[in-house]
Amino acid sequence: MPGYSDPGFDTLALHAGAAPDPTTGARAVPIHLSTSFVFESSDQAAALFNLERAGHVYSRISNPTNAVLEQRVSALEGGIGAITTASGQAALHLTIATLMGAGSHIVASTALYGGSQNLLHYTLRRFGIETSFVKPGDIDGWRAAVRPNTKLFFGETVGNPGLDVLDIATVSAVAHEAGVPLLVDSTLTTPWLLKPLEHGADLVYHSATKFLSGHGTVIAGIVVDGGSFDWAASHAASGKFAELAEPYEGFHNMVFTDESTVGAFLLRARREGLRDFGACLSPHSAWLVLQGIETLSLRMARHMDNTAKVVEYLASHPFVSRVGHPLLESHPSHALAQKLLPRGAGSVFSFDLKGSREQGKAFVDALQVFSHLANVGDCRSLVIHPASTTHFRMSDDALALGGITQGTIRLSIGLEDPADLLEDLKRALRAAEKAGV
Amino acid sequence: MELSVNGSKTFCYTGGKVFDPAKPTAIFIHGVLNDHSVWILQTRYLAHHGWNVLAVDLPGHGQSGGDPPASVEAASEFVLALMDAAGLTKAALIGHSFGSLIALETAARAPDRVSHLVLVGTAFPLKVAPALMEASQNNPEKAIAMVNTFSHSTLAPPPSSMGPGTWVYGSHKALMRRMLARNPRVNIFHAGFKACDAYAGGDAAMTKVTAPTLFVLGQSDQMAPVKAAQSLIRAAAHGKVVVVPGGHNMMAESPDAVLMAMKDFLGP
Chain A
1 MPGYSDPGFD TLALHAGAAP DPTTGARAVP IHLSTSFVFE SSDQAAALFN LERAGHVYSR
61 ISNPTNAVLE QRVSALEGGI GAITTASGQA ALHLTIATLM GAGSHIVAST ALYGGSQNLL
121 HYTLRRFGIE TSFVKPGDID GWRAAVRPNT KLFFGETVGN PGLDVLDIAT VSAVAHEAGV
181 PLLVDSTLTT PWLLKPLEHG ADLVYHSATK FLSGHGTVIA GIVVDGGSFD WAASHAASGK
241 FAELAEPYEG FHNMVFTDES TVGAFLLRAR REGLRDFGAC LSPHSAWLVL QGIETLSLRM
301 ARHMDNTAKV VEYLASHPFV SRVGHPLLES HPSHALAQKL LPRGAGSVFS FDLKGSREQG
361 KAFVDALQVF SHLANVGDCR SLVIHPASTT HFRMSDDALA LGGITQGTIR LSIGLEDPAD
421 LLEDLKRALR AAEKAGV
Chain B
1 MELSVNGSKT FCYTGGKVFD PAKPTAIFIH GVLNDHSVWI LQTRYLAHHG WNVLAVDLPG
61 HGQSGGDPPA SVEAASEFVL ALMDAAGLTK AALIGHSFGS LIALETAARA PDRVSHLVLV
121 GTAFPLKVAP ALMEASQNNP EKAIAMVNTF SHSTLAPPPS SMGPGTWVYG SHKALMRRML
181 ARNPRVNIFH AGFKACDAYA GGDAAMTKVT APTLFVLGQS DQMAPVKAAQ SLIRAAAHGK
241 VVVVPGGHNM MAESPDAVLM AMKDFLGP
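Sequence order for the protein chains is A and B.
Quick note on this note's numbering: the first sequence kicks off at 1 and runs consecutively.
Quick note on this note's numbering: the second sequence kicks off at 1 and runs consecutively.
Treat the hints as calculated values from the structure; they're not laboratory data.
This structure is a prediction, so every number in the text was calculated from the model and none was measured.
Be aware that one or more of the hints could be misleading.
Computed list of chain A residues with no C-beta within reach of chain B, every gap over 10 Å [as the list claims (entries may be wrong)]:
#1 30
#2 305
#3 309
#4 319
#5 380
#6 383
Listed next, the in silico EDC-like pairs over lysine to aspartate or glutamate satisfying Cα-Cα at most 16 Å (straight line) [stated by the list, open to error]:
#7 90/B - 112/B
#8 17/B - 249/A
#9 208/B - 112/B
#10 9/B - 67/B
#11 354/A - 396/A
#12 9/B - 84/B
#13 339/A - 198/A
#14 90/B - 77/B
#15 90/B - 20/B
#16 263/B - 43/A
#17 142/B - 198/A
#18 142/B - 6/A
Even glycine gets a Cβ: it sits at the ideal position worked out from N, Cα and C.
All chains should be modelled from the sequences, with the hints used to inform the complete structure.
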């Protein structure tokens, strides 16, 4: 596409990575449901296996439909390339497992999705990778948590569950002082709201299950490399990242940082991580995510409009004690959100009812438009009551530590007519009040 | 592998093979604000198909020390010194853009030391637009964006330098930023552009070349359009021209076409 400026977001969302199919003329991206791809010759086969040439061999490692998605999200994020994975969790695991092994350490935000918290706090510990958790806004805390074996900083653009906005520029500067990259989970914001790589993050991943696909139909993940972190320089200074900067016996003694000055992470993640752990994405799922991304900007704008209306309504309702959205001046991240997220801080947030666990349940049961389920980022509005579902085993004290009360309700605002959403909430709030009488 | 050239550490990527004096050698010379890694999908293959590959990081670039060459002529002296350091009496020279002028000048200065000459994305004269020249000095990020836009022709490149899923626009930009960051002493961007812009000896050099010459030109190259290579093509005594799909960054946008053109030309 010759021109004098880089294409804009909406053009990339529709065209990055995809041209009409040269064989059939198909304009939409074809779904290449093929495990394997025929070699042109024995010489080409050997060259593909040895990374002398680039191409598709086997769909666990790469696939033409997935490659379109990888290029597209890279383009939207301002990255150099990406790897699609079976889920967002698989993207997080692939990233960590590519960068470190037993004896390593991560500094992570306390404000994380529960699945990420489980992986870091319990599962990776079993494999010898320790994590220190610090409050996302505690910059001295990030710095103080660094150990000689620290390999990664990790946070969410807007942290779970309180929507603490990560000060990416400041936290990445601390990470870079320590000679390690910053990985950011950008699931709830998407590149339409925030491009973490532009602010200093080095790696970004998404649960594409949520807003990227946008329709609640698919489990998918993707990790994007910004190409900004100098693995070789960090290795020379500290010995870290030998995985990327020293010969790897598992792949022809390749030195990934020599092979690709900026893309060493992606080379190893695909050639080792997808090859050996195998958490690849189905091309059919990749296609569903692509379909979603084509309308990402339209959907996100509507998500933000509807969210603003719902937040305003709830904030003025007498039976609501707190609304946890950075749109409100009372939110601790309000100022940072205004700066980093001028289009909005996402459509997933929680609020507190002035009531008991039973009243929370009554609220959820009375909703008719909102669907009660364990997901976010659907085009349909969603609700969950943590105290009776995801966190039901926890005591009141333990809930309080996580910022959750008996009456905390989490919403994911969808694309319905806003008047219908407000009407639904109004009815359910009335039901909850009555349940307390 | 690392060599000492003119007293400075010089990095050469060898394509995953150990240098073997019994094999013919191809030296790859990158363009302005690039490094050896732009050749990843040509060098590794040739290194596994009968050739020694020395994809150099020019002085002051990437993993090499020293000061960036101030002129195409100075850079060609560096290439001859590199050949001496590697113990090479003769080599194929393959250059891209600025690197193509360096290869050309080297082949003119020492015709008996060059077995083949491959000029990728070449043009003569290689004048740099004043706005771009100025931006490379005072606003390198803007100049990187301009070069990047001019260097690419498609939003749907095939599997590329990091395999499938590579976003060529972004990876090229990241490489240029990295090259600037790696050398805080000198603005190698501006130095490279000045050397290109000042080079006046292209047509004369071409007439002195005795080695068979291959021109690999990008059909949609806006930095070095096909027509801008015509005077060199006319001056070449033993020239062959291959036009491949893609823009100036054709090694990444059309990796197989560029590789096959080289392979056919270099022979077994």
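Hints versus structure:
Distance to chain B confirms residue 30/A as a non-interface residue, since its nearest Cβ pair spans about 13 Å, more than 10 Å. In this structure residue 305/A is separated from chain B by more than 10 Å, as the shortest Cβ-Cβ distance comes to about 29 Å. At roughly 36 Å, the least C-beta separation between residue 309/A and chain B is larger than 10 Å, which holds for a residue marked as non-interface. The beta carbon of residue 319/A is kept farther than 10 Å from every beta carbon of chain B, the shortest such distance being approximately 49 Å.
With a least CB separation of 31 Å from chain B, residue 380/A remains clear of the 10 Å interface cut-off, as annotated. Residue-level check passed: residue 383/A sits 36 Å from the nearest beta carbon of chain B, beyond 10 Å. With a C-alpha separation of about 7 Å, the suggested pair residue 90/B and residue 112/B falls inside the 16 Å cut-off, and the hint holds. Restraint check for residue 17/B and residue 249/A: the C-alpha separation of about 14 Å stays at or below 16 Å, so the hint holds.
Using a Cα cut-off of 16 Å, the hinted pair residue 208/B and residue 112/B holds, with the two alpha carbons roughly 11 Å apart. At roughly 11 Å between alpha-carbon atoms, residue 9/B and residue 67/B fall within 16 Å of each other, so this suggested pair holds. Using a Cα cut-off of 16 Å, the hinted pair residue 354/A and residue 396/A holds, with the two alpha carbons roughly 15 Å apart. A distance of roughly 14 Å separates the Cα atoms of residue 9/B and residue 84/B; the hinted pair therefore holds under the 16 Å criterion.
Our distance criterion of 16 Å between C-alpha atoms is met by residue 339/A and residue 198/A, whose separation comes to about 14 Å. At most 16 Å may separate the alpha-carbon atoms for a hinted pair to count; residue 90/B and residue 77/B meet this at roughly 15 Å. With a C-alpha separation of about 14 Å, the suggested pair residue 90/B and residue 20/B falls inside the 16 Å cut-off, and the hint holds. At most 16 Å may separate the alpha-carbon atoms for a hinted pair to count; residue 263/B and residue 43/A meet this at roughly 13 Å.
Taking the CA atoms of residue 142/B and residue 198/A, the gap is about 15 Å. The hint holds against a cut of 16 Å. Proximity of residue 142/B to residue 6/A is assessed by CA-CA distance (about 12 Å); at most 16 Å being required, the pair is judged to hold.
Going down the numbered hints, you'll see the structure goes against none, and every one checks out.
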